[in-house]
Amino acid sequence: MPAHILVAGGGIGGLATALALAGGGHRVDVFEQAAAFGDIGAGVQLGPNVTRRLSQLGLENSLARVAAQPEALVVRSAGSGAEIGRLALGAAMRERYGAPYLCIHRADLHGLLLEAVRARGTGALVTAAQIERVELSDELVCVSSSDARAWEGEAVVGADGLWSVVRRRLDAATADRPPRITGHTAWRALARQDALPPALRRSGVDVWLGPQLHAVAYPVRAGEWLNVVVIAESAPAGNAHDWDQASGLAALQAATGRTGASLQALLEAMPGWRAWTLSDRPPLASAAEMAHERLALVGDAAHPMVPYLAQGAGMAIEDAVALSEALGDGGAAAVPAAFARYAAARWQRNAQVQAKARRNGQIFHASGLVRLGRDLAMRALGERLLDQPWLYGG
Numbered sequence: 116m117p118a119h120i121l122v123a124g125g126g127i128g129g130l131a132t133a134l135a136l137a138g139g140g141h142r143v144d145v146f147e148q149a150a151a152f153g154d155i156g157a158g159v160q161l162g163p164n165v166t167r168r169l170s171q172l173g174l175e176n177s178l179a180r181v182a183a184q185p186e187a188l189v190v191r192s193a194g195s196g197a198e199i200g201r202l203a204l205g206a207a208m209r210e211r212y213g214a215p216y217l218c219i220h221r222a223d224l225h226g227l228l229l230e231a232v233r234a235r236g237t238g239a240l241v242t243a244a245q246i247e248r249v250e251l252s253d254e255l256v257c258v259s260s261s262d263a264r265a266w267e268g269e270a271v272v273g274a275d276g277l278w279s280v281v282r283r284r285l286d287a288a289t290a291d292r293p294p295r296i297t298g299h300t301a302w303r304a305l306a307r308q309d310a311l312p313p314a315l316r317r318s319g320v321d322v323w324l325g326p327q328l329h330a331v332a333y334p335v336r337a338g339e340w341l342n343v344v345v346i347a348e349s350a351p352a353g354n355a356h357d358w359d360q361a362s363g364l365a366a367l368q369a370a371t372g373r374t375g376a377s378l379q380a381l382l383e384a385m386p387g388w389r390a391w392t393l394s395d396r397p398p399l400a401s402a403a404e405m406a407h408e409r410l411a412l413v414g415d416a417a418h419p420m421v422p423y424l425a426q427g428a429g430m431a432i433e434d435a436v437a438l439s440e441a442l443g444d445g446g447a448a449a450v451p452a453a454f455a456r457y458a459a460a461r462w463q464r465n466a467q468v469q470a471k472a473r474r475n476g477q478i479f480h481a482s483g484l485v486r487l488g489r490d491l492a493m494r495a496l497g498e499r500l501l502d503q504p505w506l507y508g509g
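The working numbering puts the sequence shown at residues 116 to 509.
Careful: at least some of the hints might be erroneous.
With beta-carbon atoms standing in for the labels, derived distance ranges [as the list claims (entries may be wrong)]: (1) G298 with Q171: 35 to 41 Å; (2) E210 with S261: 45 to 51 Å; (3) G363 with E186: 32 to 38 Å; (4) A197 with R499: 17 to 23 Å.
It should be emphasised that the hints constitute simulated quantities derived from the structure, not laboratory data. All residues carry an ideal CB built from backbone N, CA and C; glycine is no exception.
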C-alpha cells in the first residue's frame, strides 16, 4: 500500500515533490503557510537538467506555452557593454542535452505545478498552515501548525525553505545555526517588452559582469515580458527573512554606480524594483543532512545556495524526482530505506552545485587582474567555459 506523505511548504519544490510522489500512487498532503498558494513576481532559468525532469512530470507541453526559449546567452562588460563571451542555447541545447533551456516566470511555473497537483487529486492542499512542530514515532509522523492544528502521516518532506522547521528537527547538530548572510543584495524587476524602447528588449539571456556586481536580463511569459536581476555586494536589504521588499531605483543605482550607460539605461527603464538579501549555508557534508528515518528535505530546506548558477529551483525539482524514484510505489515500511537512498544519491551533487555557485559569484564579481584574466579566458574559450556538461547533462 502506498505511503501517506506530508509535505511542509507549497512552493516550487514542495509542489514538484507532491506531483512526483503522487505519480507513484502515494497520498500527499501539502501544507502552505500563506493564505493562498502562489509565488512572487520573478523569473527563473531552467537548464536542460531541469526541463528534462519537468517533462518526466508531464509538464513539457504546458511549459512550451508559457516559457521563453532563448537562442543564446551573451556575457558583456558591465562598464562598456562589449561582448565577452557567448553560449548557444535554443536548438544547440536540445541537440546536446536532449532538453531545452527555458526562461519562465516563477508564478507561471508554480501555477503549472499547482494545476498538475490538483489534477492528480491524491491529497489535501492546506493553506494558512505554518508548520512549527514535527514529532516522530516508530511508524507515524505528526506535524503541528502555529494555530494548534495537527496532521498525521507516515513521512514528512521539508520543502519549507531557507528557515526550515523540518531541517531543525532532522539535524539537531546544526539546528541553532542560522543561514549565512552573504553580504550580497539582489534587486529584480519585470516589465512588458512592448513598454520598453526597442534597444532594451531582449530575446536571449544577457549577463553583465562588473566589479562586485553583475546583472542578468532574459524574457519570460512566452517572450512578452522581460525579467532583470541585479546582484551587488552591498549592505543587506531589510529583513533577511523577507525576499520580496520594495526598493527604489536610487538604492539600486547607489550599489551599481560602476556600470556603463547601456546597462544604466535598462535599469532606469524597469519599474517596481524589489530587493532581497542573499543567504546560503555551507555545502552539504553528508547524506545525513538531507534525510533520516521518516524525514527528508528538498530544495532550500536542505541546500540553500547563491543564485550564481541559476539552479536553486532546479535542484529542488531534481530532488523531487529523485525522492519519488527512490520510494517508487513502496509503502510506509519502505520509507526509511528509500529516504536513505535518496539522500545518498543527491547530497554530493547538491554540494557540488552549492560550491560552484559560490565560486561563480567570485568570478562574476572579480576586479583588477582577476577580472582581466577572466575576460581574456572567456573571449578565447567562449562556449568551453560557459557550457556546463556536468550540470546540464545530469
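Quick rundown of the hints versus the structure:
no., hint, result
1, G298 with Q171: 35 to 41 Å, "holds (37 Å)"
2, E210 with S261: 45 to 51 Å, "holds (50 Å)"
3, G363 with E186: 32 to 38 Å, "holds (34 Å)"
4, A197 with R499: 17 to 23 Å, "holds (20 Å)"
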